[in-house]
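Novice: Take the sequences, apply the hints, and build the full model.
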Amino acid sequence: MQKVYKVLGIDLGGCMSGNSAYIYAEVTDESIEILEAFKEPKHKEHTACQKYITDLFERLDVDAIAIDAPLSLPQPLLDPGAASAQREGSGEIINPYLFRYTDYFLYKRFGLRPMPPAGDRIGRLTARAVALLHHFNYQFPCLTIKNRKVPLYEVYPKQIAHALGFADYKKEPQRLLAHFDKKQNMDEHLVDALLCVYGGYKVLKGDCIDIVKEAGSEGWCFPITV
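Residues in the sequence shown are numbered from 8 upward in steps of one, following our numbering.
It is possible that part of the hints are untrue.
Simulated restraints, written as ranges between beta carbons of each label pair [as the list claims (entries may be wrong)]:
#1 Asp86 to His142: 17 to 25 Å
#2 Asn154 to Tyr59: 15 to 23 Å
#3 Glu52 to Gly223: 30 to 38 Å
#4 Gly223 to Glu33: 29 to 37 Å
#5 Arg120 to Glu33: 30 to 38 Å
#6 Thr61 to Asn26: 13 to 21 Å
#7 Phe45 to Leu140: 20 to 28 Å
#8 Glu95 to Phe45: 36 to 44 Å
#9 Ala138 to Asp86: 18 to 26 Å
Straight-line alpha carbon distances no greater than 20 Å define the calculated DMTMM-like cross-link-like pairs of lysine to aspartate or glutamate that follow [unchecked claim]:
#10 Lys10 to Glu37
#11 Lys156 to Glu33
#12 Lys10 to Asp86
Worth flagging that the hints you see were computed from the coordinates, not collected in a lab.
Note that CB positions come from ideal geometry on N, CA and C, so glycine has one too.
Specialist: Below is the structure:
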């Protein structure tokens with residue numbers, strides 16, 4: 008009998024955005040059975056923002072959590088003496104102070120351009136995610152939740168959609184939803200949370216590219232393979 012995995016997929020947004028989306032589902036090779044799908048309310052304070060997600064992690068019984076948010080910063084920002092692997096190309100993507108090696112890897116291997124983890128738009132998500140890691144005693148790739156090790160995988164919904172053959176999923180979300188046999192309407196954030204669920208399942212199964220040596224201990228966004 009095929010094992011059923013419980014996965015929480017998160018498209019993380021800022022505390023005051025109301026855009027954070029969560030899908031909690033049971034997943035097999037054949038199906039994604041959504042147990043809960045919801046958006047996070049807007050928060051006015053940092054403490055309420057963090058409490059919402061920590062309470063959620065403690066409430067749900069999961070085999071893995073997959074999140075669309077950077078879980079680390081470029082190492083040279085934290086350690087001026089940190090060595091960086093040589094990068095080929097041009098433009099900001101080769102700047103190790105702006106982009107981690109995992110971001111560069113997504114560009115080099117898949118032609119994708121993630122946003123810089125400390126940038127104006129993404130920096131607040133990185134801060135929120137890292138605060139979450141500190142709360143739960145993170146040891147890559149696991150959080151300790153109620154004395155249990157739970158994998159937390161950084162994933163990139165755009166890469167997951169490309170791997171599935173849906174490069175234009177933002178323009179045609181119904182085609183992607185039909186692939187997962189989902190007929191309900193979902194906004195773009197819930198669609199990304201669904202992709203995170205699928206990505207988390209694939210990483211659990213080992214259908215992914217594991218961290219490469221050039222990334223060192225800087226952090227890793229797991230690209231899936233199909």
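Novice: Can you list which hints this structure breaks, lowest number first?
Specialist: Number 12 only.
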